[in-house]
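Asker: Sequence:
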Amino acid sequence: MKVTAFVGSPRPGGNTEVLVREALQGAEDAGAETTLIYLNDAAFLDCQGCGFCNDGGTCKLEDDMTGLYQMIEETDGIILGSPVYFGMVSGITKSFIDRWYAFMGPEFTSRLRPGKKAAIILAQGDPNPDVYGPMATHLAVTMEFFGIEVAAPLVGAGLLDVGDAAKDGELMRRAYELGKRLASG
Numbered sequence: 009m010k011v012t013a014f015v016g017s018p019r020p021g022g023n024t025e026v027l028v029r030e031a032l033q034g035a036e037d038a039g040a041e042t043t044l045i046y047l048n049d050a051a052f053l054d055c056q057g058c059g060f061c062n063d064g065g066t067c068k069l070e071d072d073m074t075g076l077y078q079m080i081e082e083t084d085g086i087i088l089g090s091p092v093y094f095g096m097v098s099g100i101t102k103s104f105i106d107r108w109y110a111f112m113g114p115e116f117t118s119r120l121r122p123g124k125k126a127a128i129i130l131a132q133g134d135p136n137p138d139v140y141g142p143m144a145t146h147l148a149v150t151m152e153f154f155g156i157e158v159a160a161p162l163v164g165a166g167l168l169d170v171g172d173a174a175k176d177g178e179l180m181r182r183a184y185e186l187g188k189r190l191a192s193g
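Per the numbering used here, residue 9 is the first one in the sequence shown, and the count goes up by one each step.
The hints are simulated quantities; they were obtained by calculation from the structure and are not laboratory data.
All C-beta atoms in this analysis are idealised placements derived from N, C-alpha and C, irrespective of residue type, glycine included.
Hints are all accurate, no fakes.
Straight-line Cα separation of at most 25 angstroms, PhoX-like style, residue types lysine-lysine; simulated pairs:
| hint | residue 1 | residue 2 |
| --- | --- | --- |
| 1 | K10 | K102 |
| 2 | K175 | K188 |
| 3 | K10 | K125 |
| 4 | K125 | K188 |
| 5 | K10 | K188 |
| 6 | K102 | K68 |
| 7 | K124 | K10 |
Across the chosen pairs, the derived CB separations fall in these ranges:
| hint | residue 1 | residue 2 | range |
| --- | --- | --- | --- |
| 8 | G65 | G177 | 44 to 50 angstroms |
| 9 | D71 | S118 | 19 to 25 angstroms |
| 10 | R19 | E157 | 25 to 31 angstroms |
| 11 | G166 | G113 | 38 to 44 angstroms |
| 12 | K175 | Q56 | 41 to 47 angstroms |
| 13 | G155 | A50 | 20 to 26 angstroms |
| 14 | M9 | R119 | 18 to 24 angstroms |
| 15 | D63 | F94 | 33 to 39 angstroms |
| 16 | Y46 | T66 | 20 to 26 angstroms |
| 17 | G155 | F60 | 20 to 26 angstroms |
Just need the whole structure built from these sequences, with the hints factored in.
Answerer: What follows is the structure in structure tokens.
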């Protein structure tokens, strides 16, 4: 099993990355081959809404998304991690998801092979883990639209300073178990 994690935080070593790495460790301990991608290190444009991919089956933009598309197609499990900024995922995470439009086939069907699984990890400063529930639900529905089975999102609430996630043993355990479940089916 291959599990690929995408970190949508621009802050190296931040809470999002800490939680995603712990989930990846769980997946690796369950026998998965793992890869970690920092979206902030990739150079790609926003979706241009041109519709080229609807006819051609691929995006016409030639940028780092080309390699990311291949990774998404080849992986069995996806971990998508993002901080919550003003009630939404980070801008780079939103741009990444928007570019998934290229995976949409005619009549809003998915071009991705069935059987993929995903986990969503969100780090937020607000101490109420349910405050951005609709955003987490939207991400899950988007993944499910592409035929990807999504586990309940892991929300790290009340994480303000770099390193707060690593200090929360229960949260780290939950991240680890999420990755382990993702890899073991």
